[in-house]
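Chemist: What follows is each chain in one-letter form.
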Amino acid sequence: MTAHQDMKRLLKALSKMLDQMTEEEYEQFLSGELKLSFVREDKKNRHIKEISEEDLKSLSCKINELKDREEAQDFLKNDPRVHLKDNLVRLAKFLHVHVVKSDKRENIEKKIIQFVIGSKLRSAAIQNVNLKSGGGA
Amino acid sequence: MKTISIINYKGGVGKTTITANLAASLALRGKKVLAIDLDPQASLTFSFYSVEEWSKNCEKSKTIKNWYDAFIDKDSDLDLLSLIVNPEKVNANIEGKVDLICSHLALINVDLELATRLSGSTERDLRNNYLRVYSRLRQGLQSLPTESYDFILVDCPPNFNIVTKNSIVASDYILVPTKPDYLSTLGIEQLQKHMDELISTYNKYVMDAGNASFQDTSPEIMGVVFTMIAIHNGSPISAQKQYIQQIINSGVSTWSTQIRENKTIYADAPEYGIPVVLKEVSGKTYEDVQNELKNLTDEFLEKIK
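Those sequence lines, one after another, are chains A and B.
Heads up: the first sequence begins at 14 in the numbering used here, then just goes up one per residue.
Heads up: the second sequence begins at 10 in the numbering used here, then just goes up one per residue.
Incorrect hints may appear among the rest.
As the list claims (entries may be wrong) - In silico negatives: residues of chain B with every beta carbon more than 10 Å from chain A:
id, residue
1, K19
2, E122
3, W264
4, Y295
Stated by the list, open to error - Below, in silico cross-link-like pairs of lysine-lysine (BS3-like), each with a Cα-Cα straight-line distance of 30 Å or less:
id, chain 1, residue 1, chain 2, residue 2
5, A, K114, B, K272
6, B, K293, A, K133
7, A, K133, B, K250
8, B, K202, A, K123
No lab work stands behind these hints, which were simulated from the structure alone.
Being a predicted model, the structure only gives us computed values, none of them experimental.
Cβ coordinates follow ideal geometry from the N, Cα and C atoms, glycine included.
Whenever a hint applies, use it, and build me the whole structure from the sequences.
Modeler: Set out below in structure tokens:
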């Protein structure tokens with residue numbers, strides 16, 4: 014991961030923490046009455062909220078309504094239901110997108126987008142070919 | 010008598026295997042089938058005859074090329090019946106029959122020669138030449154006695170040239186065998202686009218010509234049959250599943266029967282002139298493969314009603 018990406022993640026974590034603080038806590042933090050501390054997460058016992066069948070259906074409908082790759086990319090990045098990679102994999106499988114264990118999150122997103130949006134775009138491109146002139150319609 | 014073209018732009022997707030097995034399986038059920046090989050690679054022909062047999066008995070005067078040659082060279086109609094042969098091995102022990110019109114390796118040149126027949130100096134000439142060239146096979150098949158066959162299966166070459174278009178214009182149905190991979194998926198959409206274009210141009214010329222010897226054509230895509238499926242735990246592997254799903258999502262009709270890949274079973278069958286569906290076999294894998302081909306025939310008969 015690049016230093017730039019590290020910095021983005023750090024700022025994101027700080028921004029999230031500030032959002033969750035009350036005004037009073039914020040004042041206490043600034044005055045030094047409250048301190049930040051590190052808590053190591055126990056990965057083994059971490060509880061992953063598995064995405065429900067209903068959510069998968071709704072995500073699948075939503076992504077199928079989208080028209081371009083950027084929109085789909087934003088959607089997959091921002092919807093909290095697929096923030097966890099495991100849930101993104103579940104969505105991919107629900108859609109019948111082929112994923113392999115070694116696929117990184119970014120790659121799974123690409124595959125989903127290609128499957129849903131890419132197939133629509135290429136179909137439209139084929140339909141719009143002008144067979145008589147050899148140029149686009 | 011129903012005419013069905015088996016076609017896909019892409020080569021190596023199992024068109025000939027499907028045609029040969031469907032023809033044999035229908036004949037096993039008592040149907041009368043005429044198989045026509047329009048592919049210059051002559052794979053269907055060599056699925057029923059050895060190259061030596063073809064060379065000795067068919068090459069000179071009993072191939073579809075002879076029929077096109079008569080039109081190109083002498084502007085005459087050769088009787089299609091005179092080209093029909095009855096391959097011995099496939100027809101042993103079946104109730105119905107499989108007849109064949111063989112292909113010829115030089116059929117590859119016929120497209121270019123037919124193209125010269127399309128030119129004309131006036132709009133009327135162009136239209137009439139277009140109709141004469143593209144309805145060639147249709148009119149040839151219409152000249153066969155109606156009771157001669159239940160089904161005519163045409164194995165098309167992997168292109169969209171004049172000979173292939175002849176077959177589409179002559180057909181009641183189009184069957185599209187497809188391997189579930191990226192390029193084959195693209196091929197289906199291209200085929201559909203080209204077919205729509207051909208049918209609309211042909212029918213427009215028929216209407217403009219107002220000549221009773223030419224009628225509208227309306228072949229129906231009877232669906233995509235997935236072939237060369239790699240099975241894992243009883244269903245296609247997920248890399249293929251995704252392309253199957255993509256084709257389903259595109260709205261194209263697909264068959265529930267899928268034909269698995271099996272090099273051991275399919276590789277040498279054509280060499281002995283007997284399609285896999287007719288072989289006497291034992292062993293689960295063989296039985297599974299044959300059952301798929303039988304299911305394919307059931308589905309074919311259901312869809313064609």
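Chemist: Indicate, hint by hint, whether the structure satisfies it.
Modeler: Status of the hints after comparison with the structure:
no. : hint            : result
1   : K19             : holds (14 Å)
2   : E122            : holds (23 Å)
3   : W264            : holds (18 Å)
4   : Y295            : holds (29 Å)
5   : A:K114 / B:K272 : holds (29 Å)
6   : B:K293 / A:K133 : violated (40 Å)
7   : A:K133 / B:K250 : holds (18 Å)
8   : B:K202 / A:K123 : holds (28 Å)
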